[in-house]
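Hints are included, so try docking the two chains, each in its own frame, into the full complex.
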Amino acid sequence: MIAYLIRRFGQALLVMAVMATIVFFGLYAVGNPVDLLINPEADLAEQEETIRRLGLDKPIHIQFGYFLAGLTQGDLGTSFVHNRPALELILSRLPATLELAFMGILIAVILGIPLGMIAGLKPDAPYSRFIMAGSVVGFSTPNFWQGLMLIMLFAVFLGWLPAGGRGETVDVLGIPVSFLTWDGLSHLILPAVNVAIYKMSLVIRLTRAGTAEIVHQDYVKYARARGLSPRRVVGVHVLKNILIPVVTVLGLETGNVIAFAVVTETVFAWPGIGKLLIDSIGLLDRPVVVAYLMLTVFLFVMINLVVDIAYSALDPRVRVKRGKA
Amino acid sequence: MSIAADTPLRRFAVDFLRSPTAVIAGLGLLAIALAAIFAGVIAPQNPYDLAQIDIFDGSLEPGSEGFNGFKYWLGSDEQGRDMLSAMIYGLRISLMVSFIAVSSAVAIGMVLGLLAAWRGGTVESIIMRAVDIQLSFPALLVALLLLAALGKGVDKVIIALILVQWAYFARTVRAAALVEIRKDYVTAARAAALPPSRILFGHVLPNVMPPVLVIATVQVANAISIEASLSFLGVGVPITQPSLGLLIANGFDYLLSGRYWISFYPGVALLVTLVCINVVADHVRDILNPRLQR
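Residue numbers (our numbering), protein chains in the order written: chain W, 1 to 325; chain Z, 1 to 294.
Simulated from the structure, these hints should not be mistaken for laboratory data. We put the CB at the ideal spot given by N, CA and C, even for glycine. One or more of the hints may lead you astray.
Claimed, not checked - Computed footprint of chain Z on chain W, listed as stretches where at least three residues anywhere in the stretch have a Cβ under 8 Å from a Cβ of chain Z:
#, segment
1, 102-111
2, 285-298
As the list claims (entries may be wrong) - Partial chain Z-side listing against chain W, Cβ under 7 Å, derived:
#, residue
3, SER136
4, LEU145
5, ALA228
6, PRO238
7, ILE248
8, ASN250
9, LEU271
10, LEU274
Isolated chain Z, as found in the complex (with noise of 0.2 Å):
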């Protein structure tokens, strides 16, 4: 065996193609994240061009065709958007949010993390009483009273995620760093005068990565779930960008005239979207375990 073949990363790739449920989730997933990449060019339609849609198309059933020979696959709503197109679009901005707002919240957690297991005493006991108090009340409640006070929009989503996941990064940072900061190798940097900032963010942080990835990839799930259901709210993104939340939230008024079409397949794919995260999370969480290490 080549010593390449070796590599942390190399040997994670091949775990996690051992497991065939995970590679078909992991597949969706990469899917799911393209359409949402490229939604201008893979949707049959842009739904927010006024140009492109027509009124007289509007709730169609699933694969009726449009005036004009346009199909619409899964039908149109009130205002003849074709839903599989608005669905790609919904995608994209319901991606977008919880992928920023995790990045922001594992950046800020990191940092805070790193701070309190490296500085300790007052510092130390702030910063994770502050977190004990965050992570004792349900995050959709604070992020619904925040955006009640923050009023709507896609940034202000992207802060209230951000104030209710950085108490889990900084939690789990700082119970990793303390045990590494310990062990001999940071004794060695220290020992070598590094800088605090080079021994953290070079030497600590790496090895504090993996349970921060399995927790990300949960909380990235948790993100879309809690966008969704603030949008569905009316305190979520606005209506000139809606994700698969507010698609749903729209469909609403039109379910119980039995126009089910609306809600059900943005929540389809808004529940794929979730069961993909899920298991690939499950799956990453038991690879880099160690106590279940081979």
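Bound-form chain W, shown alone (with noise of 0.2 Å):
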């Protein structure tokens, strides 16, 4: 178990060096920040000052030196436009993303069970036929053309909700939450929405496969024939059963709702990591780039790692397969 977990950190660090030096490296030859950041009116002397002072003076491999050595004091720069550290501006950004995919996955949940159930249940019934062909439609829409129209319908139209931006938040331990008030509230809808509607696609899918298999079995079966009422079948002996899957698909997806947060975010201004992301690379602001590289590396690794360790500690079988390999 320790030998495995080792390997697996050390792929973690082998991936995230070779990511981090190719991002580096590359968003050095793609442009120079400096001529996005230095007030044209400024005159030499106030140039040259600030480039020396953003580090921008020394050749590349010298750059490169210096933030290897920051790394190992967990330093991952500071922002060329922001002047702040960079790794402190993306976990500043981070609780409004994670608000947006929880409240994303929570409406997915809440609303896809159900209408699976209902599609399982009754598979030829037209309704359920008109779930899945919506399901493969939000399966199928371009997130972020999805989201335009999310906008163009709720917010130009017909005016209920606001396009885009936070509004007002509230601190709750100290970390800033839209849900509490009525503004920040109207504000996360739509995006959560967007985020929402791909997962529910998959959500459905998933709860009616699961139910059309489970109301077969015969536990489900004898519950009937004990004569427990249909709700009480279905509400506690299916949902439980189709619980197992949905939830394991949902936490492999976790990642995913934080990747494709980058284009919910920039849809509605939404002011999380995604966004903070996208301006960083149009500014080319390199430290944010890479430390948001490194940490959704570490992210994304920590995840899987979790699932895997997860699995193997309830399939056994899949143990087996490990020692072998």
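The following block contains the structure:
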């Protein structure tokens, strides 16, 4: 087990190192951030002072050396644009992204499971076909365009909800959250729905497949035979058993939610880490991009690791297979 | 029944034609592909020829007529480009990028997958470890970061797409090839002292094609979607070669003032293309799935 963990962490470090190096030198080759940052009206001495302060006067391999030296002390560099440590900047934007992801998954589960169960219980009914057709469209619709259409419908034509931004936030334990004020909530709904639709299609499919299989199991027949109300049979006996695959897949999809938050946050100007990444790429803010990359690689490796360990704890067959490999 | 009627291809065609949904989606896809290939002939206007567009016809609503009597069926954008024409040209770029990317990814994945299955040992574990790592990160995010490092450009989008897609094919090909290599015909070919390249590409390869085909179809849809997202985010194709994704991004600025058509119609085209591909892929998978064989 320990050897396995060490190997996984070794892999994670390798991926982080390779990606960080590519992106570090790549961004350097793409363009000079100074051109975008410096006030064109500043005189030459001021410009040179800025370049020196950002450390951009040194050759790239020296800059890379500084970056590596900083890493050993847990310093991922300072943002060129915001003049704050990159890691601190990203962490300050993280709550907004997590709130969005959490709301999205919540909506997907609350709506997706009942819809999937309906479609699974009565697979030939017209409304079931409608639900399944909807889930195919939800699956295929490009996320960013779907966001634009939500804005078009609910913000521009109907005027019910704001088109972007985060709105008023309230601090809970020092972390700003939106969902406690009406203004914040109204800003949160559209982006959260945009995140939710794809996940919901996924949940509907999983739930439908699970329900269709489970209703024919003996224990469901027995529950019916005992004279339990259909509501109780479906709500307890069926629901409990379809939750296992749904929870597993949603756990695996958490990382994807964060990745796709880049799109949703850009569409709705939601101030999370995804928007920060896109803005930083546009402004060639190398320290922020590299820090974002290292943080997400780390996050993904951790998610995969937790899922793997949970699997081998739950399913002995996986453990045996790994022992051989 | 004649012998010709029972070739695998013929059987495949017969099975495919049995589903009306798949046939409609297939025809839709054919029409879309033809429109993209013959964009120059079909489009009412060349939207990137400055002599043909008129700034005074900018931001016209769908169905309105321009000053010279030109009918803008789907409206025009800020520069006075006919949206319908811009969409057909955009479709061409979207399809071209994903088609080149997926076929290259298939070629690379196939070679590496066959190599892994044939050689085994260290070669296999290096290739498959790389596949595992690659597949544990979302394609969009990897492509986004690669493009941040590579810069904009059609060629760079293609490179990024190949890099995020080869692993699917390598994994599929290896799994299928491992099964094939144990079969008698491969043993016979080995006994005949054929060179490994001949055995792998001449004998094993044709037999691992069915699953590769299915995944390739799905991946074309994925590639179109990822390319559109990347272009929307501003790291994809350059403004001089707008794909459907970039057209939608351009329309974003005008959406809030109610000029919806600049974003709306390219998105519909994108959605229809993706749904058609997914329906066809679903059906092809059903046909090729041995467990569903009648």
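Taking the hints in turn, this is what the structure says about them:
Here's how the segment 102-111 of chain W fares: 0 of its residues keep a CB closer than 8 Å to some CB of chain Z, so the rule of at least three is not met and the hint is violated. Taking a C-beta to C-beta cut-off of 8 Å, the segment 285-298 of chain W contributes 4 residues in contact with chain Z, enough for the three needed, and the coverage statement holds. Residue-level restraint check for Z:SER136 holds (minimum Cβ-Cβ distance to chain W is 5 Å; threshold 7 Å). Checking Z:LEU145 against chain W: minimum C-beta separation of about 6 Å stays under 7 Å; hint holds.
At a threshold of 7 Å, the smallest CB-CB gap from Z:ALA228 to chain W is about 5 Å, leaving the interface hint in force. Of the supplied interface hints, the one on Z:PRO238 is violated, with its beta-carbon coming no nearer than about 13 Å to a beta-carbon of chain W, more than 7 Å. At its closest, the beta carbon of Z:ILE248 sits 6 Å from a beta carbon of chain W; the interface hint therefore holds under the 7 Å criterion. A distance limit of 7 Å between C-beta atoms decides the matter here; for Z:ASN250 the minimum to chain W is near 11 Å, and the interface restraint is violated.
Hint status for Z:LEU271 relative to chain W: holds, with the closest Cβ pair at about 6 Å, below 7 Å. For Z:LEU274, the shortest C-beta to C-beta distance to chain W is roughly 4 Å, which falls under 7 Å, so the interface hint holds.
Checked against the numbered hints given earlier, the structure breaks hints 1, 6 and 8 and satisfies all the rest.
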